[in-house]
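Keeping their order, the protein sequence lines are chains P and H. The working numbering puts the first residue of the first sequence at 36, with every later residue one more than the last. The working numbering puts the first residue of the second sequence at 1188, with every later residue one more than the last.
Just so you know, not all the hints are guaranteed correct.
Said to hold, decoys possible - If you only want the chain H side, here are some residues facing chain P, beta carbon under 8 Å, derived:
#, residue
1, 1218
2, 1241
3, 1242
4, 1265
5, 1270
6, 1347
Since the hints were derived computationally from the structure, they do not count as laboratory data. In this text, a Cβ means the ideal position worked out from N, Cα and C, and glycines have one as well.
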Amino acid sequence: MSRSAAPPTRITAHSTSLICQDVDLRGDITIGPGVVVHPKASILALGGPIVIGAECVIEETVIIVNRGTEIMKIGDGNHFMVGSRIESPSIGDHNTFQPRCKASSGVIITDNCTLGAGTILLPLPTLPPNTTETLPPYTVIFGADSDRRIWDGSGEVAEKALRGKHIEYLREVIPK
Amino acid sequence: MGAFDTVITYDKGTHIETDTGNKVSRKATIAGATNIILGGKSIIQTGSILRGDLRRSTAGQHVVISMGRYCLIGEGAIIRPPGKMYKGAFTFYPVRISDFVHIGAGCIVEAAQIGSGVEIGKGCIIGKFVIIKDLAVILPNTVLPEGTVVPSMSVWSGNPGRIVDTLPETYQETMEAKCKNYYQRFRPAA
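Turn these sequences into a full structure, and let the hints guide you.
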């Protein structure tokens, strides 16, 4: 892959976002208010731009890549935990990406989904190749075989409150 | 394991050796170093990340990551304190690691406590607030979900992790010898 084809780096970060040192940002990236990016995270807009919504947490060694030409849109309140790798063309709101999960470029993620630790999200094998699948809201991907089930939404309010406090606390604690 | 094992060498400039015999790679990312305690004769290898800056909310000094003697943090392993809500406020809790603990390459550890003589294989994910008691083996690529309690003398494997075996009674001596042996073999290239 030739590096010369990569678009020039243009980063637009909201004034209330917190981006640590030692992060790798490449290409056209827009970061919304209240976003926290931990050290060693990578956001690579190799093709089209990446737009990240409000109040997302991006932890260590997370890799968010956009290889396509379209805009990769990430909604509000998403939590990308350590070592996750995200290539989905679109992500809704309040999703959780647990440590070392992989979301492939063939799946659009809607709202309130959870990708469990170490899982891999690929389009269903029953679909014709090269189609993009849309993951329904409240889907949970879990276990060694990356099985799917639907979360009933219990504890959702508590979870959202936890997210809010977490971000607030990170902003207070992480050295500037 | 014995006197004839090969020496694991590193270039002299790449690791810092402290007075107490800790060997810390210069390429390890250590945030909030004042909140991290190493017991001595521990090794932190290249590319590992220790988050000592994620501390408790109250004022004053806090130990975020404490580690005993003869520990090993493998290449690219990440140690970060777990956080949760307590009485309506979010705080991080300290990580306590005892003596003779080997954490393999590429692990993600958010445990609350790891006992002595624990071996964690490469690529494991140890969830938030996991408690690992003394003398346990976590096989490579195991995923332990949040809040798992690993009892003594057990072997764990899989995603989600389950007990697959038990350890012999002599395991304490074996593990201590193994950790000391590894530390002695890990030295700068002559």
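Hints versus structure:
{"no.": "1", "hint": "1218", "verdict": "holds, 7 Å"}
{"no.": "2", "hint": "1241", "verdict": "holds, 6 Å"}
{"no.": "3", "hint": "1242", "verdict": "holds, 6 Å"}
{"no.": "4", "hint": "1265", "verdict": "holds, 6 Å"}
{"no.": "5", "hint": "1270", "verdict": "holds, 7 Å"}
{"no.": "6", "hint": "1347", "verdict": "holds, 7 Å"}
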